[in-house]
Amino acid sequence: MIQGLQSRWNRWLARRIPPAKNLRLSQRQIFIIPSRVGAMFILALILMLLAAINYQNSLAYGLTFLLGSVFIVAILHTYLNLSGLMLKSGPAEPVFVGEHARFNVRLESERRAHEAIVLGWPSQGMLQLDVAALSGSDAELGLPATSRGWLRPGRVRVESRFPLGILVAWSWVDLDLQLLVYPRPVEGDLPIGAGLGDDPQEQGARAHGSGADDFQGLRAYQPSDSKRRLHWKAYSRGLGLLVKDFTALSGRDISLDFSALASDTEARLSLLCYWVLQLSERQQPFSLALPGVYIGVDSGEQHRDRCLRALTLFGSSFAEPGAPA
Amino acid sequence: MNKPQSIPRVSLTWLLIAQLLVIIPHLGHLPLWVVGLWLGCAAWRVQIYRMRARFPNAWLKGALMLAAGIGVFVSRGSLVGLDAGVVLLIAAFVLKLVEVRTRRDALVLIFLGFFTVVTAYLFDDSMLSAIFSLLPVSALLAAMIGLQQSTLATRPWATAKLAGSLLLQALPLMLLLFLFFPRMGPLWSLPGANAKGVTGLSDSMAPADIAELSQSSELAFRASFEGQPPPRNQLYWRALTLDRFDGRRWSQSGFARLPLQPSWRKQGEPINYQIVMQPSARPWLFSLDVAQTSLEGTRMMSDFRLQRKQPVDRSLLYNLTSWPQALLEPAASTETLRRALQLPDGGDPRSRAWARQLKQQYPQDEQLVQAVLRNFNRQPFHYTLRPKAVGVNSIDDFLFETRSGFCAHYAGSMTFVLRAAGIPARVVAGYQGGELNPSGNYLQVRQFDAHAWVEYWQAGKGWLRVDPTFEVAPERIELGLEEAVAGENSFLEKSPFSPLRYRQLAWLNQFRLAWDQVNYDWQRWVLGYQGAQQLELFQRWFGKVDGRWLALCLVGGGAIVLALIALFLFKPWQHQRDQQQRVFRRFERLLARHALVRQPAEGPRDFARRAAQALPGQARQIQQFARAFEAQRYGGQGQSLAILEQHLRALRRALPWRLT
Chain A
1 MIQGLQSRWN RWLARRIPPA KNLRLSQRQI FIIPSRVGAM FILALILMLL
51 AAINYQNSLA YGLTFLLGSV FIVAILHTYL NLSGLMLKSG PAEPVFVGEH
101 ARFNVRLESE RRAHEAIVLG WPSQGMLQLD VAALSGSDAE LGLPATSRGW
151 LRPGRVRVES RFPLGILVAW SWVDLDLQLL VYPRPVEGDL PIGAGLGDDP
201 QEQGARAHGS GADDFQGLRA YQPSDSKRRL HWKAYSRGLG LLVKDFTALS
251 GRDISLDFSA LASDTEARLS LLCYWVLQLS ERQQPFSLAL PGVYIGVDSG
301 EQHRDRCLRA LTLFGSSFAE PGAPA
Chain B
1 MNKPQSIPRV SLTWLLIAQL LVIIPHLGHL PLWVVGLWLG CAAWRVQIYR
51 MRARFPNAWL KGALMLAAGI GVFVSRGSLV GLDAGVVLLI AAFVLKLVEV
101 RTRRDALVLI FLGFFTVVTA YLFDDSMLSA IFSLLPVSAL LAAMIGLQQS
151 TLATRPWATA KLAGSLLLQA LPLMLLLFLF FPRMGPLWSL PGANAKGVTG
201 LSDSMAPADI AELSQSSELA FRASFEGQPP PRNQLYWRAL TLDRFDGRRW
251 SQSGFARLPL QPSWRKQGEP INYQIVMQPS ARPWLFSLDV AQTSLEGTRM
301 MSDFRLQRKQ PVDRSLLYNL TSWPQALLEP AASTETLRRA LQLPDGGDPR
351 SRAWARQLKQ QYPQDEQLVQ AVLRNFNRQP FHYTLRPKAV GVNSIDDFLF
401 ETRSGFCAHY AGSMTFVLRA AGIPARVVAG YQGGELNPSG NYLQVRQFDA
451 HAWVEYWQAG KGWLRVDPTF EVAPERIELG LEEAVAGENS FLEKSPFSPL
501 RYRQLAWLNQ FRLAWDQVNY DWQRWVLGYQ GAQQLELFQR WFGKVDGRWL
551 ALCLVGGGAI VLALIALFLF KPWQHQRDQQ QRVFRRFERL LARHALVRQP
601 AEGPRDFARR AAQALPGQAR QIQQFARAFE AQRYGGQGQS LAILEQHLRA
651 LRRALPWRLT
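From first to last, the protein sequence lines are chains A and B.
The first sequence begins at 1 in the UniProt record's numbering and counts up one residue at a time.
The second sequence begins at 1 in the UniProt record's numbering and counts up one residue at a time.
Just chain B, same shape as in the assembly (with noise of 0.2 Å):
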């Protein structure tokens, strides 16, 4: 065994079957030139293998890689980073397949492609493409069996049975590990993949970004409250605030970036729930109001939000305790408050005007909010998707001119107006609302409930949050988008085919409803099952858990589910003797249906004799099974019970057919 061996032709076949498979998971982040040169690579390899081409040499070797390496660093910038080094890793998982000559290299080609299996689910964590993913992982083992089995073996199904078999086999006791071997945080920090084209909210807002949102059906997160959720006009989840106008656009202010923790007293009521959060790219995560999360590395930021030190680049789960009622800052520093009022150096000079006088009005700040929000509510304002263009002073235009618009719109001007007014103010942006999924008791929260209002500031009493699009369209706070601009059409008017919009289809939403029930269950149970919820589990199970206990359950049940396949493999009950006699047994049945019963004393011999006397016509073919019958039970001759079965069917075709 110790010459280099040649790679079995069935072994060859999985191998292209594997790659294929293992690649297309990936196509979506592919660039295209290494699909081109997976089909040339496999293509060189079969006429390889049929002997009209010959393996690359060194020179054309090295040139292929280093062809292969540009190709990278000209499609992704870069040779470094997740996105980058998977392209490489594929690139050298289909070059490998043309210099692949013995079994060697074939065992390395094989270890690649599940390495790059692993790969795919940093890009894909879906439930979908988790079971995809057995296919490729079968045709692996399949060729990985291929390579043992002997060059003659040329029936690809029967190792693919086997690969199938083996991965069935193991499913137990992969469970009994996913569930209890002990999960820990990362040793070290990776690159992750690359959110690119991701939609949702970003640290600056112009009206025509929520505009944006509002067409996209996209998920945003999903989350599941403990006990009844909180009525829907209560359901604004905050994700971040905007604290610096520049005259056309809302943005974060370097100050709002600064991890500054901010004071505030719980007070009321508190909220529990979980989260499980779509990859947004950005590190901000989305809670009611003002919460606390146990999530690792994650800290409130100087406005209240929560922010991971990494971006969300995959689904997140976290669980969150929120206080609705709490106190926030009710002594903030100036620097906060100088940052609360600031407008741009001119510009929009009515609506500052408006401010002036409304002061004057109202020497009372919170008669001053009620004002502004009256006016919202009095003027006719319009809420709507497709507003009408404004000019340079944006605010002005829509205060007094179009009055169209939607939540940007009215909390950024609403924001403006209370500045100007000298109240510090900021706006919120977040989500508001979600909707209910009956069966599973969650809410799901989607792109376009993507909401913005305003928070402003009393001395002694912190931030107060007020919502201004209330005033104008109560129902898109009360009932969401949908119904808000039911009069005009424009709910998710780019996309004709999202099943959202057929929601009046009874069993089409409850399809949908159940689907995303089970891929929301999928991401908290499968995807989201690492070391808190899997120490939750144990304890909601068992109790108190510890690291012995769980070894314990481990080698316990890893034992049990090892014996019971070792028992099922084995079969201790059956012997080949058993075998014969089953075959006999078919022969008496046979003839049985001929009048002839064999006596109970009567031997084999005997019995075929007296059935060859009564059956001359088929007294050969009686008389030659049981001779065959006699030499391998009585003669001690290993032969096959393939030949008694041959002559058993020999009887039966030469034997008149016959019912019973």
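This is chain A alone, in the form it adopts within the complex (with noise of 0.2 Å):
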């Protein structure tokens, strides 16, 4: 019963706020009730009321009505500080699954000030920010990523309850946000064989998990070098630009290939996830495939992307790449 009602009101959301990246609140996405202090707050007014009646006190209903007159001018007043505000959606960088996904939005006033306008998922904690006016404020809204896949967290919560807290307008807002959650990387070795070749002699192009033996020692800082492998310690300690050299192995190509892995789906991933941004480190090309999926020798960061986002959405009903139905 609960649920199909859940269901029917996230049908009639759906009609009635559309999925947008850029959003105007306006009267038809705002809902506004009275609050629990509202509540409280007619509580009190009646109780005043009473006194008026009973005491005959036409100074005490006086107050009374002006107080009522105060709710039902808050009315428009709270209603005014959500209406015209934006909300749109910024970039939101891919996180590993155990990360914390944060997801950028970005408020702008059209004409007025907005103060205290609260914003997240009610779950998460909610964010309370004030937008002045014809300016612009940002919201990084956080949610933890537990799932590897699209973390698609669906509506947001924007709600107001300013100027006198009695009232609360909101609006679900669904923002299309979404960010993709990469496998947890978890380190392991790879299985002999791992290497393009069919040869295994060629002991060379094997790879250890620990690589610990593969690195060599710190160079100096060459502009072709990847950022990522900046030894920021040294720096700190002010030895200079160091990045930290591995040896690159020699001759062979790697291949990195679910099917040569022996675990569940999620394990053999996640080892697959570990070794696309060792090798990628290294700046070492290798392959990647899996069932149904082959992406061809290369390296760099578009190529680590790309098996990344092979990786994350591997079983998944969607597409590779293309966005999400």
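What the hints contain is simulated information worked out from the structure, not anything from laboratory work.
All residues carry an ideal CB built from backbone N, CA and C; glycine is no exception.
Misleading hints may appear alongside valid ones.
[Unchecked claim] Listed next, with one range per pair, are the computed distances between beta-carbon atoms:
hint, chain 1, residue 1, chain 2, residue 2, range
1, A, His100, B, Pro656, 37 to 43 Å
2, B, Gly40, A, Ser7, 31 to 37 Å
3, A, Gln27, B, Asn441, 50 to 56 Å
[Said to hold, decoys possible] Some chain B residues flagged as far from chain A (calculated, every beta-carbon gap over 12 Å):
hint, residue
4, Ile70
5, Val118
6, Asp124
7, Ala142
8, Leu168
9, Leu171
10, Pro186
11, Asp313
12, Arg314
13, Gln342
14, His382
15, Ser404
16, Gly531
17, Leu569
18, Glu645
Two chains, two frames, some hints: make the complex.
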């Protein structure tokens, strides 16, 4: 019953406030009702009215009516504080499982100031911020990334109780927020034969999970080096810009093959993810083979992102690459 | 928003101010220690905010509450009743401040504050206190707004301004509600404010009491008539009768307290008028002679006085119809007559002898009464507020020795003599006369208009009024007390600054009368705006009305008012693009002073380029403005208007000053 209502509500909401990257709040999106404080306020007014009636005191009537009118006028003010607010979803960086996903939402004022706007998901704690007249404020909404794939937090609640707190105006807006949650990288050995060639004698092509012996030392930074390999600790000690140098495993390009691994899907994806990151850091070309997906030998950030995306979306119904339906 | 939040500074500031403003109107009836308590609690709370003190723990809180309760009990003698209740409320309101941690606590405090403002109205409902109460209400609203603001907000005035504008916008709706909200009678009775120290008539009278009243210029009531008020010498405002004499004092007998409706017959022209009484702490109402009123909970007692169930403890408005020529109790009961003949067992032998002598001389009662009045008129009686002292036989001494006194002496001695001569008689206490406010056409009756006169009874004619004072000092009745005692300067001698003593100063007198009229209108139209008044007003305006009609007015009027406020707030005709355009027009006007006028087809960019060439010294500022304008207007850049303004200001500063 409750679920039925919930889904009907969601359907109705989807019709009324369709997803959009940018949204201007207007009467179509804003709902308003008295808050719990408002209920207390009304109760206090009823008590005051009773006092006015029983003491036949015109001034007590007057104050009760004045505050009652303030309540009604506050409906306009509360609505006004939300109305005309522009919400824009910003770019969101992919994260790994277990990390904190951050969504950027920009709030912009079209005309008037919007004070004490509360934004977020009620389960995650809400964020309060002010938007000055004709300017904007950025909000960063956090959410723990718990599973691989597209993270779509769904509708965001925007609410405002300003000025008196006796009414709450709110909206559930779908800003089309989404980001990729990569599998959690898990350290481990790649099986022998990960090398592209099928010659088992080529021991040099074998890569070790530990990676310790691949690390050769530090050398001076050159503009072509990846910034990810900068040795920041050394820099902070004043030793200049150094990069961690790894032995380039000679000769063979490495093939990361899902089917060559033996464990459950998520563990295999985590291991592959780890190696995609490792090899990319070493700037070593590799290929990635997943059932149904093959990404040829390449290196560089673009290649890495493509591979991570493939790992992330593995097994999901979404076509690769492409935006979600 | 679930976790308790601390209180922003702006809110705390306004809470403190609001508390002070809420307490100020109560100062008159608060024990002093509550003020001390407030000072202590406010200082404590500020120290808590500055992290130099801690919140009280549960034990301390309990102890403080208990101490406050005991304090109220000690200073008020009880914990119930309005007086003690209000002190208790304020003590709680003050103590709550110290333990306000979260926003919820602050809200409780604010709502308590609104309630405390209401209780102040029960003690003082004058116009000035009503206007003053807008201050604490605004401060409480500002504190409420402050609670919603972020803790970074530090401009208390901006918050107060918002609170003020909310109140201002609520005003029209409030007036509508005030006019149209149906009024009803009290649902249950509540203890009223103790009108302590109220001067006025009491139910027993020794001459000294009236002398004391005659020194008070406090208002007793105001009366307005439909049409011309009766002549001054007919204005006998009856309050109660005193039918028991113990040799010194006249008082009301227990019999007079019984609600026995006396018989009477309306005669002559009725007089319609309205009275607004000041609180008297007594249950009786004032009226001309014998009167009927529509006021609920009021009945006529056995001596024709009007009495309410409760004492009049706040100003009271009622409408009256009087019949000055009515026939009062033409056939009085023997019990009534027996009481109207009561005399003390002994004392005043000369007066009794004189009465017997008169009785023999004048077998007709009316002749006898005339003879007594004549005696006052012919003998050297002297009207004075400073009578000579009398001995044990007070009536004898007054009638035959001192012969100086005022109304209470004359009325008391005449009643005594009439009774001694076998004529039922009693003293009537009330007011006589009043000052006409010419602009408002109403009468103000003050305590010094207190008066006492005599009623005697004749079979078939009922009770008849006689005023012995008139025989001695007709100016007291025709003109007033001030004129009656003009020779001895005893008028209001104990209140040298009373404006009534300076009536000869025309401007001061005019101001006094105008101010009094404002207050009277306030009492009649605002304080007296209860059920009957409301219905009467609507019937006068719109003819017949009913509840549905009222509801319609309220909803319809409310909708219109709300729509107007919404229009004012939303300003749908104003858009941001217009605001940008407006800044650009100012830019154009600025350059026009330097003979640079934009051509009709010239775009902002071309115009700026041309202007920059013409004014190379300010080229940078001109270009900056034009770029910013373009970026905002065409680039879709959601930048702030403030930046445009800033660039414009920079340009204005850079340009040499020129008038047109």
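Status of the hints after comparison with the structure:
With their beta carbons about 57 Å apart, histidine 100 (chain A) and proline 656 (chain B) fall outside the hinted range of 37 to 43 Å. The beta-carbon spacing between glycine 40 (chain B) and serine 7 (chain A), approximately 58 Å, falls outside the hinted interval of 31 to 37 Å. Hint check: glutamine 27 (chain A) to asparagine 441 (chain B), Cβ distance near 54 Å, so the stated range 50 to 56 Å holds. Listed as a non-interface residue, isoleucine 70 (chain B) keeps its Cβ farther than 12 Å from every Cβ of chain A; the least gap is roughly 26 Å.
Under the 12 Å C-beta cut-off, the non-interface status given to valine 118 (chain B) relative to chain A is violated; the minimum distance is some 5 Å. For aspartate 124 (chain B), the shortest C-beta to C-beta distance to chain A comes to about 9 Å, within the 12 Å cut-off, and the non-interface label is violated. Alanine 142 (chain B), annotated as away from the interface, has a beta carbon of chain A within 12 Å; the closest lies near 10 Å. With a closest Cβ-Cβ approach of about 9 Å to chain A, leucine 168 (chain B) is found to fall inside the 12 Å limit, against its non-interface label.
Consistency note on leucine 171 (chain B): stated as away from chain A, yet its beta-carbon is not over 12 Å from all of that chain's, at 7 Å minimum. With a least CB separation of 5 Å from chain A, proline 186 (chain B) falls inside the 12 Å interface cut-off, contrary to its annotation. Listed as outside the interface, aspartate 313 (chain B) is inconsistent with that label: its C-beta sits roughly 10 Å from the nearest C-beta of chain A, within the 12 Å cut-off. Once the 12 Å rule is applied to beta carbons, arginine 314 (chain B) is inconsistent with being away from chain A; the minimum gap is 8 Å.
Listed as outside the interface, glutamine 342 (chain B) is consistent with that label: its C-beta sits roughly 39 Å from the nearest C-beta of chain A, beyond the 12 Å cut-off. With a cut of 12 Å on Cβ distances, histidine 382 (chain B) stays outside the contact zone with chain A, its closest approach being about 47 Å. With a least beta-carbon separation of about 46 Å from chain A, serine 404 (chain B) lies farther than 12 Å from that chain, consistent with its non-interface assignment. Its beta-carbon lying about 9 Å from the closest one in chain A, glycine 531 (chain B) breaks the requirement of being farther than 12 Å from that chain.
For leucine 569 (chain B), the requirement that its beta carbon stay farther than 12 Å from each beta carbon of chain A is not met, with the minimum near 6 Å. Interface exclusion of glutamate 645 (chain B) from chain A breaks down, the closest Cβ pair being 10 Å apart, not more than 12 Å.
Checked against the numbered hints given earlier, the structure breaks hints 1, 2, 5, 6, 7, 8, 9, 10, 11, 12, 16, 17, 18 and satisfies all the rest.
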